[in-house]
Amino acid sequence: MQGEIIVIAILSSIACAIPGVFLLLKRMALISDAISHSILPGIVIGFLVKQSLNTPYPIIGAVLSAMVMVVVSESLHRSNLVKGDTAIAVVFPPLFSVGVILVSIFAKNVHLDTDAVLLGELAFAPFDRMAIFNTTLPKSMVKMAIILVLNLIVMIVLFKELKVSTFDPVLSKSLGFSPSFLHYLLMFMTSITAVGAFDSVGAILVLAFMITPTATALLLTNSLFLMVIIAFILATGSSILGVLFAMKIDAGISGSITTVMGLFFILAYLFSPSNGVVTRIKNKMRIKHEYALSIILYHLMNHCEADDMESECSYGHLMDQFSYPQRYLKKVVHSAVARGLVEEHNGVFHITEEGLKSTSLPVYK
Amino acid sequence: MSLLYEMIFDYTLRNVALGTLLLGLGAGAIGSFMTLRGQSLIGDAIAHATLPGVAIAYLLTSAKDPSVLLIGAAIAGVLGIGAITVIIRTTKIDSDGANGIILSIFFGLGLLLLTYIQKLPKSSQAGLDRFIFGQAATIVAKDVVIIAIVQFLVLTTLVLFFKEFKSSTFDPQSTTVMGFNQKIIDFIFAALLVAVIVVGLQTVGVILISALLVAPAAAARQWTHSLKTMVILSSLFSGISGMIGSLISATGMNLPTGPMIVLVLTLFIAISFLFGSKRGVVNKKIAQIKRNRTFDQNRILLALDTLARSHEESDLYHSSHTIGLMVQHNQGIKRVLKQLTFSGLLLVDEESNYALSRKGEEFVASLKGGEGLYAR
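Sequence lines, in order, name chains A and B. Numbering-wise (the working numbering), the first sequence opens with residue 2 and increments by one. Numbering-wise (the working numbering), the second sequence opens with residue 750 and increments by one.
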């Protein structure tokens, strides 16, 4: 049973990552938040039709209400009444509110409460099964598998088009792919995925599933293809660890998966080989070191074999000349000696032939 | 009437009404700046980010005292806003992405902790649920005092630094040039934002409190082009709808407060979008129709003037068909001609042919900017 929960979590998180990649790169990450909030009234109304989440009505209702959000906020934006992000921020809260109010009105007699809305019910997913081939599978597993396959097909078939329209909408239009068609396709895909993930993840954390693994992947690579692959791997890993952790401390599964995704993000932020914090600090230190080394070499070069060499090239003078802390200067000089750029004779530093070469400037005598 | 009576004399309702009114005043004011700075969604992110702070504060102190929980929320909110700033500044992730990531990570952690707390043996009813959708009915006199103090501080700061906020909102570069430290202004702004959000958590809840900031500002923007007026209007909209929404929620069928307030706010927005005096759709449409009519009228008058000049007698009458050909469209031309005749600019004969009247000629002359310029 635990295995089934993990499989559902993996299917949901990978399915969410596919639209997530393109939303994040198109700088529309919060559209997914808005969509996942605004599907709620549609789901609730669809649910009330047959008192069940396993009919097509909730899906139809949800997609309709998501599309209402997208179209209304875009037309508000276009009418210049409000700016783009304000338009989104104005449209989705009322939709979500209607959903919450409907839930709390009907909470007494239906099986759909605010906890389910917020957290999803991944833990109960294996109890709701359907017969397929010779065995039975959880319904939400089948549902997420279908959505994942659909998303994969769209992404593989339209990879080139999505890529171009994401990075260069103008080029995409001149090549003959309609950016607005692709835009609405993406919105549609996001809505369908959000609806599917709704019962396992809950309305709000769909956003986390869509953009956290993809943002983590973005920190790790510059290639779109690799980004997709890394996002899939991270989604899978977070799902497994998240479910296991939630089982261990007996807490909400989707919150736990999100937390693991967050940890991966922090790790990538700190240790990404291309531009993580640690890498950047290391680079900064290396550059500082190289700079200190080179100005010391120039200094030694200027004074080599001059009359004041004894005084100018002593350790104490270097200290006065370059106001580096003593330990740092020592470290730099040591590394210069170790690399054979500088030699020490009786407390006076001489630049070597090797050192002169490394300054790569003509020597004036 | 009885509601008004209860509002004044019923202990709970008085607290609810006063608390949400005060809350709205500050939220609307700071919300105006937030939307104008193009950060409408940051309030949402901060609000969601406060949840783990509440949960951790509860886990550490196991206190039900709201003020302890709110301090936790404030710390988490500040951390959240800091993290967003750092991510935007140091990675290639844009502000939308950074908001989304922080929102979801913090909120996910918050939900994890909340579900964990709910399963703990003794704390089955920690009452932390109310932080998610808000429960105005839980406001007591002490909360009202806290809200009042915080809002007073926020509004005072806004008034004191109005000039700096205004300039940094519309023109950050020149603010820096004038010698104000943009970072300090941003920090004060963020602190105010967190303060307003945190005191509103109990009432409106983490999920929908950002609407209390953004929606009234969006509504107020439709009525004015002046920042000062916008801030005041937004603050009033927010306060009034906060009060109405929470009263409905507290008196009615135990409906969650946050969503109720949002629905009332949406009503304000819808009215403002439609009828707002500066940008509202209806007003714009009316102005457009007026502009079109003036344009049509002027073209007809000019056409008649040209016709008159190209013929020897200046008071020659022309059919509406000829005039239509001159101005290159026929739709509704007869109506416009009648309007012009009615206002005395045109003369009409028995066969419905038109010519410029004396008054009409003078009007054409003024349109052309004086006789001299175009005279033959």
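Treat the hints with caution; some may be incorrect.
To be verified - Derived lysine-lysine pairs resembling DSSO-like cross-links, with alpha carbons at most 30 Å apart:
#	chain 1	residue 1	chain 2	residue 2
1	A	Lys140	A	Lys161
2	A	Lys84	B	Lys1027
3	B	Lys841	A	Lys84
4	A	Lys283	A	Lys331
Unchecked claim - Partner residues are not named here, just some residues of chain B that face chain A (Cβ under 10 Å, in silico):
#	residue
5	Leu861
6	Leu863
7	Lys932
8	Phe936
9	Val963
What the hints assert, rightly or not - Label-pair restraints from in silico Cβ distances:
#	chain 1	residue 1	chain 2	residue 2	range
10	A	Lys332	B	Val908	38 to 44 Å
11	B	Val817	A	Lys285	39 to 45 Å
12	A	Val72	B	His974	25 to 31 Å
13	A	Ser324	B	Ser975	51 to 57 Å
14	B	Asp759	A	Val50	38 to 44 Å
15	A	Ser76	B	Lys977	46 to 52 Å
16	A	Arg287	B	Asp878	50 to 56 Å
17	B	Lys977	A	Val69	40 to 46 Å
18	B	Val817	A	Asn223	43 to 49 Å
19	B	Val908	A	Leu268	40 to 46 Å
Hints are computed from structural coordinates only; laboratory data are not their basis. Ideal placement from N, C-alpha and C gives every residue a C-beta, glycine not left out.
Hint check, failures only | Violated hints (numbers, rising): 1, 7, 8, 10, 15 and 17; every other hint is consistent with the structure.
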